[in-house]
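Got two chains here, each in a separate frame; can you build the complex from them with the hints?
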Amino acid sequence: MRQNGTSAAKRVTTMGLLFALAIVLSFFESAIMTLFPMLPPGVKLGLSNVVTMYCLFLVGKGSAFTLVVLKSLFAMLRGFISGAMSFAGGAVSLLVMLFLMVLTRHKARYLALSIAGAVAHNAGQIVMARVILKNRYVYYYFPILLLSGLVVGSVTGMVLNVLMPYLSRLPTGSREAAKSIKMEGNNVSKLFRKRLSGVAVPHRKNTKDCATVMMPIPDRVVIPMVQHMGAPCEPLVKVGDIVKVGQKIGDSEQYVSAPIHASVSGKVTGLVEIITPAGAKTTAVEIEADKTQEPDASICPPQINSREDFLKAVRASGLVGLGGAGFPTHVKLNPKNLSEVDTLVINGAECEPYITSDYRTMMEDTEDVLSGVRLVLKWLGIKQACIGIEDNKPDAIAKFAKAVEKDSNIQVVTLKSKYPQGAEKVIIYETTGRVVKEGMLPSDVGAIVMNITSCAFLAKYMKTGMPLISKRITVDGGAVAEPKNLVAPIGTPFNHIIDFCGGYKTEPKKLLMGGPMMGIAVYDDSYPLLKNNNAILAFDQKQVENIFDTPCIRCGKCVAACPFDLMPVAIERSYKNNDVDGLKALKVNLCMECGCCSYVCPAKRNLVLTNRMAKALLRKNSK
Amino acid sequence: MNNLLTVTPSPHIKSGNSTTRIMLDVVLAMVPALIASVIIFGLRSLLLVAVCVVSCVVFEYLFRVVTKRANTISDLSAVVTGMLLAFNLPVTFPIWMAVLGCFVAIVIVKQLFGGIGQNFANPAITARIVLLVSFAGQMSNWLIPQKTAGGIELVSGATPLTLLAEGTAEGIPSYMDLFLGLRGGCLGETCVLALLIGGVYLVIRKVINPIIPVAFMGTVFLFSWALGADPLMQLLTGGVVLGAVFMATDYSTSPVTNWGKLIFGIGCGLLTVVIRQFGSYPEGVSFAILLMNILTPHIDTLTKTKPFGGVAK
Ligand code: SF4
Ligand code: SF4
Chain H
1 MRQNGTSAAK RVTTMGLLFA LAIVLSFFES AIMTLFPMLP PGVKLGLSNV VTMYCLFLVG
61 KGSAFTLVVL KSLFAMLRGF ISGAMSFAGG AVSLLVMLFL MVLTRHKARY LALSIAGAVA
121 HNAGQIVMAR VILKNRYVYY YFPILLLSGL VVGSVTGMVL NVLMPYLSRL PTGSREAAKS
181 IKMEGNNVSK LFRKRLSGVA VPHRKNTKDC ATVMMPIPDR VVIPMVQHMG APCEPLVKVG
241 DIVKVGQKIG DSEQYVSAPI HASVSGKVTG LVEIITPAGA KTTAVEIEAD KTQEPDASIC
301 PPQINSREDF LKAVRASGLV GLGGAGFPTH VKLNPKNLSE VDTLVINGAE CEPYITSDYR
361 TMMEDTEDVL SGVRLVLKWL GIKQACIGIE DNKPDAIAKF AKAVEKDSNI QVVTLKSKYP
421 QGAEKVIIYE TTGRVVKEGM LPSDVGAIVM NITSCAFLAK YMKTGMPLIS KRITVDGGAV
481 AEPKNLVAPI GTPFNHIIDF CGGYKTEPKK LLMGGPMMGI AVYDDSYPLL KNNNAILAFD
541 QKQVENIFDT PCIRCGKCVA ACPFDLMPVA IERSYKNNDV DGLKALKVNL CMECGCCSYV
601 CPAKRNLVLT NRMAKALLRK NSK
Chain F
624 MNNLLTVTPS PHIKSGNSTT RIMLDVVLAM VPALIASVII FGLRSLLLVA VCVVSCVVFE
684 YLFRVVTKRA NTISDLSAVV TGMLLAFNLP VTFPIWMAVL GCFVAIVIVK QLFGGIGQNF
744 ANPAITARIV LLVSFAGQMS NWLIPQKTAG GIELVSGATP LTLLAEGTAE GIPSYMDLFL
804 GLRGGCLGET CVLALLIGGV YLVIRKVINP IIPVAFMGTV FLFSWALGAD PLMQLLTGGV
864 VLGAVFMATD YSTSPVTNWG KLIFGIGCGL LTVVIRQFGS YPEGVSFAIL LMNILTPHID
924 TLTKTKPFGG VAK
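Note that the protein sequences, when read in sequence, are chains H and F. Quick note on numbering: the first sequence equals residues 1 to 623 in the working numbering. Quick note on numbering: the second sequence equals residues 624 to 936 in the working numbering.
Pulled out of the complex, with its shape left as it was, chain F reads as follows (with noise of 0.2 angstroms):
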C-alpha cells in the first residue's frame, strides 16, 4: 500500500455540529422577529439590519486581514452580531451612526479581545449601550404603530416603558397587541410572540439552554410583582424577550454550567428589575446583561461541576 494512512488522536468521529451550523441556527431564529418588524415598522427596519450586517461582516473581515490572522467571517457569528445589534435601535435610527454601532460591536468589543469566544461582553449590547449614551436622542426617537383600518400607521410618540415610568396609563397598548408587538420600541423587541418562537426553535435544536430565558424572564415577571408593578406589562415591553432569549444565552458571555446559567438569568431579571424600577434609565435589560456579563468568569468559577467519583482533597 503506497498511499498515507491519516493518524489522529480519537475520537475518530464526530457529530454534525458545527460553529457555523450553530449560528446559522441563531440567524433563523431571528428569521420571525425580522418579519414582524418589517410589517410593524416597514421597510426601513429591513433597511437598518441588512447595514448592519454587512458592516459587522466587513469589519470583522478587514480586521482579520490587517492584523494577517485566519479570516472567521464563515461561521456566520458576525452576521449574529449584526442582527442583534439591529435589533436592538429604534426604526428611526440613522445609517452612519448604525454602522459606527458596528465598529464598536466588532472591532473593539470582539475582535481586539481575541475573536469569536474571547470576548467578556456582549458585542451588540455594548454596542447598544456605547450608541446610547453618546447618540441619546436618535436612540429615543420612537415610532409607534398605531392600528388603524388601511392597516398600521407609524406615529412619534413614547414607548410603553416611559409611559410607564411616567405614570400614565393612557397610550399603554393591550395585552395581546403587546404580545403580537404592536406598540413602540426597538425594531427587534417589540413581537413578543416571533422572539418566543424563535426561543423555542433554539431549545429544540438544543443550540440553548432554556435554563437562563427561563430564570431571566421568570425573575423580571416575580420580582416586578413583588415590587407592585403589573408584571406582565414588565415582561411583555422592553427587551426582555429579546435580551433573554437571544442576548443573555451568547455562549462566549454566559456561563457554561447549569447552576451558573440559573445564576446569570435570575441576576440579569433582577438587575433589570431594579433598574427600570429605581434607575433613571426606562430600560435596564441591556445593562443587566452587561453587568452579568462581566460577572461570568467569577459565577462559572463559583459553579463548578462536581466530577463524578471525584474526591476533595
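Here chain H stands alone, though its shape is the one from the complex (with noise of 0.2 angstroms):
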C-alpha cells in the first residue's frame, strides 16, 4: 500500500497523464461540436471517451470508472448538463465494456469493445439528456450518434490493436515475449483471467546487489538431525568420531526423509538436544572444526544411467525444497503420477521482502540452474520447463530468457510482483493456468514446483558429487551492521554469522529464519542455519510490530487479499464458537498461512494464528 511507493506514483502519473489527455480531447471536440448546431447541447461524439477505453485496458477498472468521475466533474464547469451527459455517457460506456468482457471471458477484441463501447457512450449520453431535457425528441439524434460511435469506436479499435501489444509489453522490459511455448491447459489469456489477490508488500531487497561471499569456517557447527519434512534421521555418528566433509552422518529407513552430512570436517564433541523451528525436539550432532575442511573419501560425482540413479542420487544429495518448504526432493520429483506430468514449474519468484538469495543464484550461477532443468527435463522426461520470476527482478529475467534462447522447451514467464507469488499453488496458476484443487497434488495437474536454488545445487552436485552442506543466505534486518549475502555451512550459528556481517549495531528485537510474511521467530541468536533457511533477519526495535490488537472492524480487507478467497473474518468469528462445520465449510484446510490477511489487517488481529489454530481444530475433530 503505502509503502509501494513506486507502483502507487506510476499509477497516479499514468491517471494524471490520462485526465490531461481526456480534457485536450474534450476541448477538442467542443470545438468540432460548433459544426453540428443541430445536436443537443453538451452531446459529444466521444472522443474523449477513448481515454477511458484505453485506462480500463492498460490500467483498470477502478482507474477507468476513476477517470469518468474526473472527467464529469471537469465538465460540471461548463454547468450542470454537461457534467450529467459526460458522466451518463462514461459510466454507461464502461459498463457496456466491462460487461462484454466478462460475457465473452475477456476473448473479445479491442475493435468490438470499442465500437460498443462508443456507441453506448452516446446512448447514455441520449437516455440523460432525455431525463434532464425532459424532450422525448432527443432520440431522433439516435442515428447520427449511432454513426459517429460507430466510426469513433472502429478508429480507436484498430489504433488500439496497433499500440496495445507494445504498450502493455512496456512496463516489465523483458524480453520473453519473443519466444512463447503454448502452456498447455491455458486456454484462458493470461491477461484475462481469474487474478488471485494478495499484497504488495514493501520489497526492501537491500541486499539485491550484495554479491555473494563465503563465510569462513566456524569454530563449531551443530546439525540437528531434522532439517526437512517427514522422518527424523538417527545420527551415524558418535562422540569422538572424526568427520571429514560430506561424510554422511545422519540417515533414515524411511522413503519420506533425506540424509545429512558433516558440513565441516573435524571431531563430533557431542549430540546433543535441539528444538526444531516447528518446536519438537530433536537431536544435533556438534562438531568441532578442524578447519582442514578436507572432503570425505567417498565424494565422487554420481554415475547416472537411469531414472533410478537419478533419483537414487538425489536422496543421497540430501537435497531439500530450498525456497523454504524443505520437503525431500526426490520425493517430490517421483510422484505416482510422473507420466502425467508435463510441465517442470522453476520457482524463482522470491516474493517475500528482503530476501535477495535467490536473486543472487539467479545472476551468479545462472547456468548452474539451466542445467540443473536440463537434467530433470531429461530424466524424468518432462516435457516443458517454466521458470516463474517477479517483475522486480528485470536483470534476473533479461538474463534468462537470453540464456534460454536455444532451449526450445523452456520459457521464462514474468510474474507480477505480489506476494505470495512464489507459494506452489500460485505458482503453477499463474505460470500454466491450472488450478490444483483441494487434495491434490501439484501431480495432479501435470506440474511439479521446483526451486531456483535447488535447481542450480542438483547441477552441481551432478559434478561433483558433494552433498548438501553449505547455503547461501540473505543476511538483513535493521539490527544488523552489514547485511549481505553469504555462504556458509549447514550448522553454522545464527550468532557466528551475524558476527559475520559486523555484529548487531542496535540491540537486536526478533530473529527471523526466513522472511518476514512466514519466517519463524527464534527464541535465541545461538540457533544453527538450516539446509531450507533462505535468510536471517535481525529486526531492531522500530521494526517489531506493535502486537497489540484491537477488534475487527468487519472492513473485508483480509477477504480481499486472500490469494485462495477464503475468509478469515468469517473463520475467526466460527473458530471463536467452535463451530466445526462453519470452519469445514469455510475451507480453512485451505490455508497456506501466507500471512496476506493479518497483513492488511487494519484492527491488527492475528489471523494466521486464528486459521493455523482452527485447522489443528479440524484435525483433532476428524481423528
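No lab work stands behind these hints, which were simulated from the structure alone. Keep in mind that a hint or two might mislead.
Okay, the calculated bits of chain F under chain H, using three or more residues with CB under 8 angstroms as the criterion [unchecked claim]:
(1) 628 to 636
(2) 639 to 646
(3) 824 to 837
(4) 843 to 855
(5) 922 to 933
Calculated lysine to any residue pairs in the SDA-like style (CA-CA distance at most 20 angstroms, straight line) [claimed, not checked]:
(6) H:K576 with F:L855
(7) H:K134 with F:L855
(8) H:K615 with F:K929
(9) H:K267 with H:E234
(10) H:K604 with F:L855
(11) H:K542 with F:K637
(12) F:K691 with H:F548
(13) H:K194 with F:W882
(14) H:K584 with F:P930
(15) F:K929 with H:D565
(16) F:K929 with H:G439
(17) H:K604 with H:T506
Note that this is a predicted model, so its numbers are computed, not measured. Beta carbons are placed, not taken as given, at the ideal position from N, Cα and C, and that holds for glycine.
Following this line, the structure appears as C-alpha cells:
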C-alpha cells in the first residue's frame, strides 16, 4: 500500500497524464461540435471517451471509473447538463465494455469492445439528455450518434490493436515475449483470467547488489537431524568420531526423509538435544571444526544411467526444497503419476521482502540453474519447463531469457510482483493457468515445482558429488551492521553468521529464520543454520511491530487480500464459537498461512494464528 | 546475548493501515460536506456537529470506564458517528435532543452490543430514526437557503422531497442548485458535490469499496425512473448520496464480500424508492439502510466466497 511507493506513484502519474489527455480531447471536441449546431447541447461524439477505454485496458477498471468521475466533474464546470451527460456517457460505456469482457470471458477483441463502448457512450448521453431536457425528440438524434459511435469506435479499436502489444509490454522490459511456448491447459489468455489476490508488500531488497561472499569455517557447527519434512534421521556418528566434509552423519530408513552430511571436517563433540523450528525435540550433532575442510573419500560424481539412478542420486545429495518448505526433493520428483507430468515449474519468484539469495543464485549461477533444469527434464522425461520470476528482478529475467534462447522447451515467465507469487499453488496457476484443487498434488495437474536454488544445487552435485553442506542466505534487518549475502556451512550458529556481518548495530528485538511474511521467530541467536533457511533477519526495536490487537471492524480487507478467496473474518468468528462445521464450510484447511490477511488487517488481528488453530481443531475433530 | 527476543507468529510485518487511520480518513472525507453546510446553513451547523462529536466521544468514554473495559475512543469511530448523526439533523434541531440522539447511537446501539464491529445496525442511522419517531416536529423544521444579492438567506419552508411528494413543482431548485446544496434538508446531506468529493477520496484511499454507493445510487436512479419519477431529482434530493457514500458503507453493518455489497447496495436503493413513492414518509434512505443492516448477516451467509481450488463436499 503506502510503502509500495513506486507502483502507486506510477499509477498516479499515468492517471494524471490520461486525465490531461482527456481534457485536451474534450476541448478539441467542443470545437468540432460547434460545426453541428443541430445536436442537443452537451452531446459529444465521444473522442475523450477513448481515453477511458485506454485506461480500462491498460490500467484497470477502478482507475477507468475514477477517470470517468473526474472527467464529469471537470465538465460540470461548464454546467450541470454537460457534467451529467459526460458522466452518463462515460459510465454506460465503461459498464457495457466490462459486461462484454466478462460475457466473452475476456476474449472480445479491442475493435469490438471499443465500437460497443463508443456506441454505448453516445446512447448513455442521449438517455441523459432525455431525462434532463424532458424532451422526447432527442431520440431523433440517435442515428447520427450511432453512426459517429461506429466511426469513432472503429478508429480507436484499430489504433489500440496496433498499439496495445507494445504498451502492455512496456512495464516489465523483459524479452520473454519473443519466445513463447503454448502452455497446455491454459486456454484463457493470461491477461484476462481470474486474478488471485495477494498484497503488495514492501520489497526492501536491500542486499540485491551484494555479491555472495564465503563465510569462513566456524569453530563449531550444530547439525540437527531434522531439517526436512518427514521422518527424522538417526545420527550415524558418536561422540569422539572424526568426520570429513560431506560424510553422511545422519540418515533414516524411511522414504520421506533426506540424509544429513557433515559440513565441516573435525571431531564430533556431542549429540545434543535441540528444539526444531516446528517445536519438536530432536538430536543434533555437534562438530568441532579442524578447519582443514578435508573432503570425505566417498565424494565422487554420481553415475547416472536411468531415472532410478537419478532419483537415488537426488536422495543421496540430501536435497530438500530450498525455498523454505524443506520437502525431500527425491519424493517430490517421483510422484505416482509421473507420466502425466508435462511441466516443470521453476520458482524464482522470491516474493518475500528482504530476501535476495535466490536472486543472487539466478545472477551468479545462471548456468547451474539451467543445467539443473535440463537434467530434471531429461531424466524425468518432462516436456517443458517454465521459470517464473517476479518483475521486480528485471535483470534476472533478461539474463534467463537470453540464456534459454536455444532451449525450445524452457520458457521464462514474468510474474507480477505481488506477494505470495512464490507459493506453490499460486505459481502453478500464474505460470500454467492450472488450478490445484483441494486434495490434489501438483502432479495431478501435470506440474512439479522446484525452487531455483534447488536446481542450481542439483547441477553442482551431479558435477562434483558434494552433498548439501552449505547454503546461500541473506542476512539483513535493522539490527545487522553489514547486511550481506553469504554462503555458510549448514549448522553454523546464527550469532556466528551475524558476527561475520559486523555484529549487531543495535539491540536485536526479533530474530527471524526466513522472510518476514512466513519466517519463524527464534528464541535465541545460537540457533543453527538449516538447509531450508534462506535468510536470517535481525529486527531492531523499530521493526518489531506493536502486537497489540484491537476489535475486528469487519472491513473485509482480509477477504479481499486472501489469494485463495478464504474469509479470515468469518473463520475467526466460527473458531471462537467452536463451530467445526462452519470451519469446514469455510475451507480453512486450504489456508497456506501466507500471512496476507494478517498483513492487511487494520485491527492488527492475528488471523494466521487463528487459522492455524482452526486447522488443528479440524484435525482433532476428524480423528 | 542477554536481552529477550520477541517471538510472535508470522507475519512479522504489517501494513501501515490501522482502524484509527481509516476512521481519520472518513472524518477527512466528511470535511468538504461540513464546510459546505457551514456556508449554506451558517455557523449553527458547526455547533451541532461539535456537540454531537463531543457527546459521542464522552458517552463512549464513560461507558467503557463504567463497564471497566479497555478504552476505545482513540480509534475515532465515535467521532465518525457523531459527525454522521449531526449530518442527519436539520440545522434548527435543539441541542439537548441531539445529545439524546448521541446517547442512543453510542450507548444503546453501539456499546451495548459489544462496541466497534459488533453492532448490527448503524448507530447514526438508528439514532436518527429514533429522533424522527420521537420528535417528528423538530426533525422536520427546515430552513431553506435562498440565493440573494447579499449571499444566502435562510427562510423556513419545505424540502424539495416534501414538495415533490405534495406534487407541487413550485419552489423546487434547479439541478445545479441541488447539486451544490442550495436546498432545504439535513445539514450534511444537501451538497452533493462535497459528498462526492469525500466519496472519491474514500475510494482512492481504499477505505470504501465503490460497489455499495454505485449500486445504491444507480438503483435509485433506474428504479425511480422506471416508476415514472424524475430520476435525477430523486438522486439529488434527500439523503441518498450521504447515505450511499457514508452510511451504507459502514463496515460493521454491511456485507464483507463484493457480491454481498452489490446485493446490499441494490436493496438499499430499491427500498429507498419504494418508501419514497409508496410510503407515508417523504424520505426513505435511513429506513432502507436500517432494514438492509438487519439483513446483512443473512446476505453474508448467502454470498460466502468460493475458495480457490475448493471442492464441494
Ligand atoms: S481485515 Fe481485520 S478488521 Fe478487517 S474484517 Fe478482516 S479481521 Fe476484521
Ligand atoms: S494466511 Fe490463509 S487465510 Fe490468510 S491470506 Fe493466506 S491463505 Fe488466506
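Each hint tested on the structure:
no.: 1; hint: 628 to 636; result: holds (count 9)
no.: 2; hint: 639 to 646; result: holds (count 6)
no.: 3; hint: 824 to 837; result: holds (count 5)
no.: 4; hint: 843 to 855; result: holds (count 4)
no.: 5; hint: 922 to 933; result: holds (count 8)
no.: 6; hint: H:K576 with F:L855; result: 47 angstroms, violated
no.: 7; hint: H:K134 with F:L855; result: 11 angstroms, holds
no.: 8; hint: H:K615 with F:K929; result: 18 angstroms, holds
no.: 9; hint: H:K267 with H:E234; result: 18 angstroms, holds
no.: 10; hint: H:K604 with F:L855; result: 42 angstroms, violated
no.: 11; hint: H:K542 with F:K637; result: 13 angstroms, holds
no.: 12; hint: F:K691 with H:F548; result: 18 angstroms, holds
no.: 13; hint: H:K194 with F:W882; result: 16 angstroms, holds
no.: 14; hint: H:K584 with F:P930; result: 12 angstroms, holds
no.: 15; hint: F:K929 with H:D565; result: 7 angstroms, holds
no.: 16; hint: F:K929 with H:G439; result: 16 angstroms, holds
no.: 17; hint: H:K604 with H:T506; result: 26 angstroms, violated
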